[in-house]
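Enquirer: Sequence:
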Amino acid sequence: MTTRSIEIGVGLFVAIGIAALLVLALQVSNLHEYRQTDSYQVSAYFSNIGGLKVRAPVTVSGVRIGRVSEIYYDPNRFQARVVMTISTQYDYLPTDTQASIYTAGLLGEQYIALGVGGEEDALRDGDEILFTQSAVVLEELIGRVLVNMTAP
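All residue numbers for the sequence shown refer to my numbering, where the first residue is 1 and numbers rise by one.
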């Protein structure tokens with residue numbers, strides 16, 4: 001009887017471990033925040049998006065308000081077009097809002113930070129953010145430093 005209870009205890013322990021790994025995987029993949037909520041889409045053009053990916057966070061003052069839903073290259077403008085899906089809870093962002101690509105930490109994931117402007121009119125579904133700042137690429141910075149150090 002004690003062998004049977006040990007087997008049941010080990011089985012429960014393994015099941016709890018698998019459930020914990022599943023929760024951890026959902027946290028890392030950011031799928032837990034993919035709820036169906038009312039939202040609107042805005043787009044922005046960047047010269048360089050670095051390592052920005054679909055589902056990357058969109059933030060205002062550090063608060064996550066949406067996600068990147070599409071990234072593709074526009075051959076007419078020769079720039080990357082990034083489409084962001086923003087919750088309608090934040091439908092008051094001014095039309096002169098600025099979008100910048102930042103990196104979380106030194107080598108972390110990239111995200112879009114929106115800087116709020118001062119216009120009276122708000123962004124609507126399908127609008128374009130005109131003021132953008134591209135990603136800072138670490139390799140380019142290191143290359144510039146090395147060039148400046150070797151220059152006479």
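Rather than coming from a laboratory, the hints here were simulated on the basis of the structure. Check each hint, because a few of them may be wrong.
To be verified - Each pair of labels, with its calculated beta carbon distance range:
#1 Glu-128 with Thr-88: 16 to 26 Å
#2 Gly-9 with Lys-53: 19 to 29 Å
#3 Glu-140 with Ile-8: 50 to 60 Å
The beta-carbon is built from N, C-alpha and C at its ideal position, and this holds for glycine as well.
Enquirer: Now tell me if each hint is right for this structure.
Expert: Hints versus structure:
no.	hint	verdict
1	Glu-128 with Thr-88: 16 to 26 Å	holds, 18 Å
2	Gly-9 with Lys-53: 19 to 29 Å	violated, 42 Å
3	Glu-140 with Ile-8: 50 to 60 Å	holds, 58 Å
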